[in-house]
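**Student:** This is what each chain is made of:
Number of protein chains: 2
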Amino acid sequence: MFKKYHNAHLFVGSSSSGKESLRIFPLGGIGNVTKNMYVYEYRYDGKLKDILLVDCGIGFPDPEMYGVDLVIPDVRYLQNKKEMIRGLVFTHGHDDHIGGIPYLYPKLRPLRMWGTKLTAAFANLKLKEARISEKVTSVEFDKVLHIGPFAVSFVRVTHSVPDAANFIIETPVGRIYHGSDFKFDFSPLDGKLSELEKITVVGKKGVLCLLTDSLGSERRGFTPSEQVIGETLEKELSLSNGRMIFTTQSSNISRIQLAIEKALKYGRQIAFFGRSIDQNTEEAVKLGYMRFPREAIIRDRDVRRLAPSKQFLIVAGSQGQPESALSRMANDDHKFIHIEDGDTVVFSADPIPGNEHNVNSLIEQLYRKGARVSYSDIMEDLHVSGHGSQGDMMLMLSALGPKYVLPIGGTYRHMMQYKRLAMELGYDKKDVLIPEEGEILEFKKGVAPQIVDKIELENVMIDGLGIGDVGNVVLRDRQTIATEGIVVIVVPMDQSSGRVTAEPDIITRGFVYMKESGNLIGRTKQIVNQSLKLKKGKIVDWQFIRKHMADTVGQFLQKETGRQPLIVPVIIEV
Amino acid sequence: MFKKYHNAHLFVGSSSSGKESLRIFPLGGIGNVTKNMYVYEYRYDGKLKDILLVDCGIGFPDPEMYGVDLVIPDVRYLQNKKEMIRGLVFTHGHDDHIGGIPYLYPKLRPLRMWGTKLTAAFANLKLKEARISEKVTSVEFDKVLHIGPFAVSFVRVTHSVPDAANFIIETPVGRIYHGSDFKFDFSPLDGKLSELEKITVVGKKGVLCLLTDSLGSERRGFTPSEQVIGETLEKELSLSNGRMIFTTQSSNISRIQLAIEKALKYGRQIAFFGRSIDQNTEEAVKLGYMRFPREAIIRDRDVRRLAPSKQFLIVAGSQGQPESALSRMANDDHKFIHIEDGDTVVFSADPIPGNEHNVNSLIEQLYRKGARVSYSDIMEDLHVSGHGSQGDMMLMLSALGPKYVLPIGGTYRHMMQYKRLAMELGYDKKDVLIPEEGEILEFKKGVAPQIVDKIELENVMIDGLGIGDVGNVVLRDRQTIATEGIVVIVVPMDQSSGRVTAEPDIITRGFVYMKESGNLIGRTKQIVNQSLKLKKGKIVDWQFIRKHMADTVGQFLQKETGRQPLIVPVIIEV
Chain A
1 MFKKYHNAHL FVGSSSSGKE SLRIFPLGGI GNVTKNMYVY EYRYDGKLKD
51 ILLVDCGIGF PDPEMYGVDL VIPDVRYLQN KKEMIRGLVF THGHDDHIGG
101 IPYLYPKLRP LRMWGTKLTA AFANLKLKEA RISEKVTSVE FDKVLHIGPF
151 AVSFVRVTHS VPDAANFIIE TPVGRIYHGS DFKFDFSPLD GKLSELEKIT
201 VVGKKGVLCL LTDSLGSERR GFTPSEQVIG ETLEKELSLS NGRMIFTTQS
251 SNISRIQLAI EKALKYGRQI AFFGRSIDQN TEEAVKLGYM RFPREAIIRD
301 RDVRRLAPSK QFLIVAGSQG QPESALSRMA NDDHKFIHIE DGDTVVFSAD
351 PIPGNEHNVN SLIEQLYRKG ARVSYSDIME DLHVSGHGSQ GDMMLMLSAL
401 GPKYVLPIGG TYRHMMQYKR LAMELGYDKK DVLIPEEGEI LEFKKGVAPQ
451 IVDKIELENV MIDGLGIGDV GNVVLRDRQT IATEGIVVIV VPMDQSSGRV
501 TAEPDIITRG FVYMKESGNL IGRTKQIVNQ SLKLKKGKIV DWQFIRKHMA
551 DTVGQFLQKE TGRQPLIVPV IIEV
Chain B
1001 MFKKYHNAHL FVGSSSSGKE SLRIFPLGGI GNVTKNMYVY EYRYDGKLKD
1051 ILLVDCGIGF PDPEMYGVDL VIPDVRYLQN KKEMIRGLVF THGHDDHIGG
1101 IPYLYPKLRP LRMWGTKLTA AFANLKLKEA RISEKVTSVE FDKVLHIGPF
1151 AVSFVRVTHS VPDAANFIIE TPVGRIYHGS DFKFDFSPLD GKLSELEKIT
1201 VVGKKGVLCL LTDSLGSERR GFTPSEQVIG ETLEKELSLS NGRMIFTTQS
1251 SNISRIQLAI EKALKYGRQI AFFGRSIDQN TEEAVKLGYM RFPREAIIRD
1301 RDVRRLAPSK QFLIVAGSQG QPESALSRMA NDDHKFIHIE DGDTVVFSAD
1351 PIPGNEHNVN SLIEQLYRKG ARVSYSDIME DLHVSGHGSQ GDMMLMLSAL
1401 GPKYVLPIGG TYRHMMQYKR LAMELGYDKK DVLIPEEGEI LEFKKGVAPQ
1451 IVDKIELENV MIDGLGIGDV GNVVLRDRQT IATEGIVVIV VPMDQSSGRV
1501 TAEPDIITRG FVYMKESGNL IGRTKQIVNQ SLKLKKGKIV DWQFIRKHMA
1551 DTVGQFLQKE TGRQPLIVPV IIEV
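In order, the protein sequences belong to chains A and B.
According to the working numbering, the first sequence holds residues 1 to 574 in order.
According to the working numbering, the second sequence holds residues 1001 to 1574 in order.
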């Protein structure tokens, strides 16, 4: 068993009275892997003084959120506190940490923003695309940012995108370590190691609370180095004498660089497919994060001039996204490339939870088109996680020895597994903080952290061009219709007399096939007519009649079909 | 490398002219893991003489089949051939092999049916529940069934339900080995090994074609024995001093028996929760497949009288089914049991592909309620597959040495992986048969098998009480509405004059929140009015107007919202 390193009297904040407090809570919700956005609040005498924001990411919708493209953090809490926001720092350039900014910047402006070089560049691509002129300021790793009463230092960590950072956040109440996504890769592709020494030094000075990535807390040992992927890829290249197609996350610049090097070694030329891969590689080359001879690259339209054994395509769509380049190639829907017999497709990414079905369908389709497909299930070490495993987490926790620890970046089960780990390292149950959704944690000097407030957090859904205009009512209707169908009852009423002027009409969609259900529809009409006759002559109480129609028709259809469609009575005045 | 055992001249059928043929094809589709149903057809001079059916299972709907509860095989092909059907044999008692019979028996009756003892018992439970009086005949493993020109012998195989069988089917054209779900478990819980000797002997006699389980073809080595679960379970029991809840497939009688034995060893009493577990265990006890002292069992309502450390609950719902006992316990919706702090929940089952989201949500909820949850990701050997891995498959293929091999019971990727395996064992590419969906494979003496016909297979969907009444039209509407919403345009028209009598009305559901979209709806009405004015005065061509309304409103809404709702114009005559 490991020894507990942390030691309360080592803890050092700046001088502070008992009136100062620090609140920490996520706006993307607890138990969310994505949609990262954290609020750090400094208060004096209970009064809010300053806010520091960390990250602003997008999330993926649950399968029940029919038709929703994305979800973003709920910033309603910040709306009347804008003048207290001192700025926002981004940890790294993944969409679940930067992707929300084009949607939320308009609600938070003016807003100063910082990130390391590649992080800032990727975030700025998104802002530019949304025609927002404001820019994220690029910061070197050795710089300390003074943002209101917060002093933020950057700690380089290895992850699946270069320039990823953790933060040491000095606050008047104590020192916080914001340890979002990290692993300890001791042979990273870009040669830049996690700054373990910086971590150890700050641990010796004393850390009040560690917020830590917990996503890999179910995996034993250490997460392997990205290097292993190179060996696997060489194996694939030596086996294949047809076209090779490589797909991974488009932000994983180092892995794309690795793939290019291996492809060149095996005498192939490279083409990129997919807007995000184009943009990211262009930006990365410009900033010096990727390096390859220009003549290694061939334009997408020119690929077909090469022999298949000379082609190496780097293609977006590793999560099976229906509109991605890879999906279109698999479905003969791509302008230049169709999957053919003899192609090899290498998935260097695992499905994000929730995407399993899309990825599996894509793999099926690739096989049907004659491709050989390599993916983690049959070929080990084609993907390694960017998140640490139990070993990485124990190393971080031991090196920092914080007084309290707050697992983040995982679902509830990952947080609970992390808690077990911390307890194995000697932590007391009560010092591993696992708040509920919306709960606000407050730290004060000399006092155990407490939940002091609870805010309501909603899923802000993005569907098409609308931000947040698909609310719970619309979603509930979609869910009902999606599983049970809709029945619209149209009753024409004479405006002046208040009388029903003709036969009611029944329209159904997604319920039963109407052409073959004449009888069912006919009997439904009878039930509607009975409802309408309840009040003889002129009908005044239309509210009552509508409800009565909906109830009786609903009961009838449930009995006949076992389904409970959404029933919409419409009275139309003629 | 293994040597290829099969040898064409060894092949022995009964005497047969070149006029005889055997056709084999699935009605549940190719590339389907579930919905198993196979047709064996004997023809003479091209004329259909006799049909043998193997299995009749249910399948799980794809996530895009909104609201669909189940899918079943499409038996339209059999409809005008009923008098040729000589009978149906079931391989084993899993729902994806027997579950379709209550739905399809009424379409196929009269129909003789056979299965081994437990298989017949489980199928009969389903028939009884559907108030069908016909019974599946129970057959001993050493019996040979003569069904028309087919002689069917049973081969015991190990799987995740007792009494699972493969079939040796002697036909006038040649000997087929129907190798549905199997693994080689050399220490099965019930002590009954796969009959490898029988397999070897029939291999020596010569096998024309092996139909073989391919689901585990991505996994290296051999699938572990069920025994390992006992050890894992003891570890869990020794760790826990609270209530223990165990969940697995309700048909996995042997594993439930194992769990009971271990629970008793640790001084606990057992209660069952879930209708399927109740029914299956009762049946299994009656038939002697399970054995435990009666006093070990306590009624569900009496559980709370026991100390938590004395409770061992066996609960249905390992796939996260929302209506299952386990889901209800996790959501405080169960009559007798609520999940509490200190409970341990053991998942001894892995999610079936497509169910990942439901299972993950359930695990989250259990953690939130304070339970400790054990599942494969964190605790190895809590579940072992009932399907063989590459080693098991190679053993079967080597022992039988068939002339041809047809992988079944997997998706396309599993079949293609199996093909690679067979080729490693020396099989020629063209002797591994992978037909397309609906293709009918024909065997004739002395000729290579050929695709001779193609039938159209649909998904027959079960939703509520309806069988097959949710067709593609209904499903497409559900999909559109689920992701984009519905807009109904109601236009009142005077029947006699053919004129529009009042303002059109717009009703939307699942589209945008109407109360906040007055402006959008108002502008939509204007567009409808413009459509209506296209033909001045009396409108005759309502078809044209409807289409025009739908098109223009659709374009307008797409431009304004980025969504493409289902647009339903309704002309109501008043």
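Be aware that a few hints might be false.
Now the stretches of chain B that chain A is said to cover, found in silico as 3 or more residues with beta-carbon under 8 Å [what the hints assert, rightly or not]:
1. 1298-1306
2. 1310-1322
Here are the simulated BS3-like cross-link-like pairs (lysine-lysine), alpha carbons at most 27 Å apart as the crow flies [claimed, not checked]:
3. A/K369 x B/K1310
4. B/K1235 x A/K419
5. B/K1019 x A/K369
6. B/K1429 x A/K559
7. A/K559 x B/K1335
8. A/K369 x B/K1235
9. B/K1429 x A/K235
10. B/K1429 x A/K429
11. B/K1107 x A/K335
12. B/K1559 x A/K430
13. A/K429 x B/K1128
14. A/K128 x B/K1235
15. B/K1369 x A/K559
16. B/K1128 x A/K369
17. A/K235 x B/K1419
18. B/K1429 x A/K107
19. B/K1429 x A/K310
20. A/K419 x B/K1419
21. B/K1310 x A/K454
22. B/K1559 x A/K429
To give an idea of the chain B side of the interface with chain A (calculated C-beta under 8 Å), a few residues [claimed, not checked]:
23. P1061
24. E1083
25. I1085
26. R1086
27. G1087
28. E1218
29. G1221
30. P1224
31. D1350
32. H1357
33. V1359
34. V1474
35. V1512
36. Y1513
37. V1568
In short, the hints are calculated from the structure, not lab data.
Just so you know, even glycine gets a beta-carbon here, dropped at the ideal spot from N, CA and C.
**Student:** Taking the hints in turn, state whether each one holds.
**Tutor:** For each hint, the structure was consulted:
1. For a cut-off of 8 Å, the count of residues in the segment 1298-1306 of chain B with a CB near a CB of chain A stands at 0, and the three-residue condition is violated.
2. Given as covered by chain A, the segment 1310-1322 of chain B fails the check, having 0 residues with a CB less than 8 Å from a CB of that chain where 3 are the minimum.
3. For the hint pairing A/K369 with B/K1310, the CA-to-CA distance comes to about 56 Å; that exceeds 27 Å, so the pair is violated.
4. For the suggested pair B/K1235 and A/K419, the alpha carbons sit about 20 Å apart, so the restraint of at most 27 Å is met.
5. For the given pair, B/K1019 sits about 36 Å from A/K369 by alpha-carbon distance, which is inconsistent with the 27 Å threshold.
6. Among the hinted pairs, B/K1429 with A/K559 is inconsistent with the structure: their alpha-carbon atoms are about 54 Å apart, more than 27 Å.
7. At most 27 Å may separate the alpha-carbon atoms for a hinted pair to count; A/K559 and B/K1335 meet this at roughly 25 Å.
8. The hinted pair formed by A/K369 and B/K1235 fails the criterion: a straight-line CA distance of about 47 Å is larger than 27 Å.
9. A C-alpha spacing of about 23 Å is found between B/K1429 and A/K235, which places the hinted pair at or below 27 Å, so the restraint holds.
10. Using a Cα cut-off of 27 Å, the hinted pair B/K1429 and A/K429 is violated, with the two alpha carbons roughly 59 Å apart.
11. Distance restraint check for B/K1107 and A/K335: the Cα-Cα separation of roughly 47 Å exceeds the 27 Å cut-off, and the hinted pair is therefore not satisfied.
12. Under the criterion of a C-alpha separation no larger than 27 Å, the hint pairing B/K1559 with A/K430 is inconsistent with the structure, at around 54 Å.
13. Distance hint between A/K429 and B/K1128 is unfulfilled; the C-alpha atoms sit about 53 Å from each other, more than 27 Å.
14. Between the alpha carbons of A/K128 and B/K1235 the distance comes to roughly 56 Å, so the proposed pair goes past 27 Å and is violated.
15. With a CA separation close to 36 Å, the supplied pair B/K1369 and A/K559 exceeds the 27 Å bound.
16. As the CA atoms of B/K1128 and A/K369 are separated by approximately 45 Å, the hinted pair breaks the 27 Å bound.
17. Under the criterion of a C-alpha separation no larger than 27 Å, the hint pairing A/K235 with B/K1419 is consistent with the structure, at around 21 Å.
18. In summary, the hint linking B/K1429 to A/K107 is not supported, as the alpha carbons are separated by about 61 Å, beyond the 27 Å threshold.
19. This hinted pair checks out: B/K1429 and A/K310 have alpha carbons roughly 26 Å apart, not beyond 27 Å.
20. A threshold of 27 Å between alpha carbons decides the hint, and for A/K419 with B/K1419 the separation of about 45 Å lies outside it, so the pair is violated.
21. Taken as a hint, the B/K1310 and A/K454 pair is broken in the structure, with Cα atoms around 38 Å apart against an allowance of 27 Å.
22. Restraint check for B/K1559 and A/K429: the C-alpha separation of about 54 Å exceeds 27 Å, so the hint is violated.
23. A hinted interface residue such as B/P1061 counts as satisfied when its beta carbon comes closer than 8 Å to some beta carbon of chain A; here the least separation is about 11 Å, so the hint is violated.
24. Evaluation of the B/E1083 hint against chain A yields a violated restraint, the C-beta minimum of about 28 Å exceeding 8 Å.
25. Hint status for B/I1085 relative to chain A: violated, with the closest Cβ pair at about 27 Å, above 8 Å.
26. Annotation: B/R1086 was flagged as interfacial toward chain A, and the flag is violated, the nearest CB pair being 33 Å apart, outside 8 Å.
27. Checking B/G1087 against chain A by beta carbon gives a least distance of about 32 Å; that is not within 8 Å, so the hint is violated.
28. Using the Cβ-Cβ criterion of 8 Å, the hint placing B/E1218 at the interface with chain A is satisfied: the shortest such distance is roughly 5 Å.
29. Taking 8 Å as the C-beta contact cut-off toward chain A, the hint placing B/G1221 at the interface is violated, the least distance being around 13 Å.
30. At about 17 Å, the closest approach between the beta carbon of B/P1224 and any beta carbon in chain A exceeds 8 Å, and the interface hint on this residue is violated.
31. The criterion of a C-beta within 8 Å of any C-beta in chain A is not met by B/D1350, whose closest approach is roughly 12 Å, and the hint is violated.
32. With its C-beta approaching chain A no nearer than about 5 Å, B/H1357 sits inside the 8 Å limit, and its interface hint holds.
33. The criterion of a C-beta within 8 Å of any C-beta in chain A is not met by B/V1359, whose closest approach is roughly 11 Å, and the hint is violated.
34. Interface hint at B/V1474: satisfied, since its Cβ lies 6 Å from the closest Cβ of chain A, which is below the 8 Å cut-off.
35. With a least beta-carbon distance of about 5 Å to chain A, the hint placing B/V1512 at the interface is held under the 8 Å criterion.
36. Interface restraint check: B/Y1513 against chain A, minimum CB-CB distance 5 Å, threshold 8 Å, status holds.
37. At a threshold of 8 Å, the smallest CB-CB gap from B/V1568 to chain A is about 6 Å, leaving the interface hint in force.
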